[in-house]
Amino acid sequence: MIRVQSDPIDVVAVLEAVEGPEQGAVVSFLGRVRDHTGEQDVTHLDYEAYGEMAERELQRLVDEAREQHGAERVAVVHRTGRLEVGDIAVAIAVASGHRPAAFEACRWLIDTLKERVPIWKKEWFADGGHWVSDRP
Amino acid sequence: MIRVQSDPIDVVAVLEAVEGPEQGAVVSFLGRVRDHTGEQDVTHLDYEAYGEMAERELQRLVDEAREQHGAERVAVVHRTGRLEVGDIAVAIAVASGHRPAAFEACRWLIDTLKERVPIWKKEWFADGGHWVSDRP
Amino acid sequence: MRVLLFAGLAEAVGHREVDFDFGSAVGGDVAGEATVDELVARLREVFPALAGHVFRVAVDQRYVRGDEPVTADAEVALIPPVSGGRS
Amino acid sequence: MRVLLFAGLAEAVGHREVDFDFGSAVGGDVAGEATVDELVARLREVFPALAGHVFRVAVDQRYVRGDEPVTADAEVALIPPVSGGRS
Chain A
1 MIRVQSDPID VVAVLEAVEG PEQGAVVSFL GRVRDHTGEQ DVTHLDYEAY
51 GEMAERELQR LVDEAREQHG AERVAVVHRT GRLEVGDIAV AIAVASGHRP
101 AAFEACRWLI DTLKERVPIW KKEWFADGGH WVSDRP
Chain B
1001 MIRVQSDPID VVAVLEAVEG PEQGAVVSFL GRVRDHTGEQ DVTHLDYEAY
1051 GEMAERELQR LVDEAREQHG AERVAVVHRT GRLEVGDIAV AIAVASGHRP
1101 AAFEACRWLI DTLKERVPIW KKEWFADGGH WVSDRP
Chain C
2001 MRVLLFAGLA EAVGHREVDF DFGSAVGGDV AGEATVDELV ARLREVFPAL
2051 AGHVFRVAVD QRYVRGDEPV TADAEVALIP PVSGGRS
Chain D
3001 MRVLLFAGLA EAVGHREVDF DFGSAVGGDV AGEATVDELV ARLREVFPAL
3051 AGHVFRVAVD QRYVRGDEPV TADAEVALIP PVSGGRS
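If you read the sequences in order, they're chains A, B, C and D. In terms of the numbering used here, the first sequence has 38 at position 38, counting the first letter as 1, and numbering is strictly consecutive. Every position in the second sequence, counted from 1, becomes a number in the numbering used here once 1000 is added. Every position in the third sequence, counted from 1, becomes a number in the numbering used here once 2000 is added. Every position in the fourth sequence, counted from 1, becomes a number in the numbering used here once 3000 is added.
Bound-form chain A, shown alone:
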């Protein structure tokens, strides 16, 4: 399961997508919208994606997680559009035979997703919004 979508993320479906009788360890990451960034209150976020490339890049990441980081089954879903505080922006689940590989692959996936997958986040405060990538 690899998706970039505007619909809410179904976490149960993400976890079920990696179920398998040989995989004893499932590690998942959920990224939720926080109510603040630094000292500032966040009112909501907008996520913009280069959708078709984002899904292709996610597929490349998943292939790499399988080939080089010990992931056996992987699901990644990223949401786009307007998200409110508490909404899930990204969900990753990795299943492996044993837990070290599952932890390492899940961590690698979210770190690399945030470097490589063309999805941008605009944070909105009471006094306006800014693209997070605008700030050094």
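These aren't lab readings, by the way, just hints derived from the structure by calculation. Note that CB positions come from ideal geometry on N, CA and C, so glycine has one too. One or more of the hints may lead you astray.
Below, a sample of chain C positions facing chain B; criterion: calculated Cβ distance under 7 Å [stated by the list, open to error]:
#1 Phe2006
#2 Ala2007
#3 Gly2008
#4 Ala2058
#5 Gln2061
#6 Ala2077
#7 Ile2079
No farther apart than 20 Å at their CA atoms in a straight line, the calculated lysine to any residue pairs in the SDA-like style are these [said to hold, decoys possible]:
#8 B:Lys1114 with C:Pro2080
#9 A:Lys114 with D:Arg3056
#10 B:Lys1122 with C:Pro2080
#11 A:Lys122 with A:Asp111
Could you slot chains B, C and D onto chain A? The hints should help.
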């Protein structure tokens, strides 16, 4: 949420238990019953707990995860009794402001749980069972 | 004194719980006197099936060191190695 | 050539997509000749609002290096830094 129980684990409840507006990162670990150990097919497992101490020890672990490993909200549920292949034996969810702490605390919790919490696993094969701790 | 046994230890000894008269076993009032190591040594004499088994000891649901005291009204548990780190 | 812009780059330039005549811009048939760096240099001339912005380039939905070729029928995207690593 800290529980040692014979009922199936409700993963959604575990994840919801750590939701909070300040926690942008949720890392979870699920331990499922594999269909094999090494070369041998596993038919099922039995988990036995020193229940009251197990819950107390889990509480100590959760306190330590909060004080020393950056966890902000934690849920841990371990199942006991007979489990079939695919069943979830243990579920841990950790929510923190940012993901490094959530990953590190979740990993520390499952590693330490498996060293310290008095719960034992008996693996059953076609030709009999053995306590996993019996083997060096 | 309640002594609880679990998993492979319970199967080896044939009991999950024993009521162990540690006071008379060490010859009198042990309050504040006997240590966990002394209790374990006495249990190994009374239950030879413990031979070859390693375990930690919990008193009143907390792991204790061998040099800590144990009183006759304690709940003692022998804790064999727990389920391990492989999955 | 379709050139796609996103996020802060789209807002700076005022377009999300431009139809860019790269062939005539470099003076003729560019197939197999022009590089990504050359395209970017030309885009920065035509769209001064790109000044001060950093971005990577994707051609046909794959990141490319500056020395790779780009043809007139490609889908080019300017990719500003993505959402970052803090959450």
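Here is what the structure says about each hint:
1. The restraint placing phenylalanine 2006 of chain C at the interface with chain B holds, with a minimum CB-CB distance near 6 Å, inside the 7 Å limit.
2. Satisfaction of the interface hint for alanine 2007 of chain C is found here, the shortest Cβ-Cβ separation to chain B being roughly 4 Å, below the 7 Å cut-off.
3. Against a cut-off of 7 Å between C-beta atoms, the interface hint on glycine 2008 of chain C holds, since the closest Cβ of chain B lies about 4 Å away.
4. Hint on alanine 2058 of chain C holds. Least Cβ distance to chain B is approximately 6 Å, under the 7 Å limit.
5. For glutamine 2061 of chain C, the interface hint holds, since its Cβ comes within 7 Å of a Cβ in chain B; the closest pair sits about 4 Å apart.
6. For the restraint placing alanine 2077 of chain C at the interface with chain B, the shortest Cβ-Cβ distance is roughly 6 Å, inside the 7 Å limit, so the hint holds.
7. The criterion of a C-beta within 7 Å of any C-beta in chain B is met by isoleucine 2079 of chain C, whose closest approach is roughly 5 Å, and the hint holds.
8. In summary, the hint linking lysine 1114 of chain B to proline 2080 of chain C is supported, as the alpha carbons are separated by about 12 Å, within the 20 Å threshold.
9. The hinted pair formed by lysine 114 of chain A and arginine 3056 of chain D meets the criterion: a straight-line CA distance of about 14 Å does not exceed 20 Å.
10. Taken as a hint, the lysine 1122 of chain B and proline 2080 of chain C pair is honoured in the structure, with Cα atoms around 13 Å apart against an allowance of 20 Å.
11. Among the hinted pairs, lysine 122 of chain A with aspartate 111 of chain A is consistent with the structure: their alpha-carbon atoms are about 19 Å apart, no more than 20 Å.
Comparing the model with each earlier hint shows no violations; every hint is respected.
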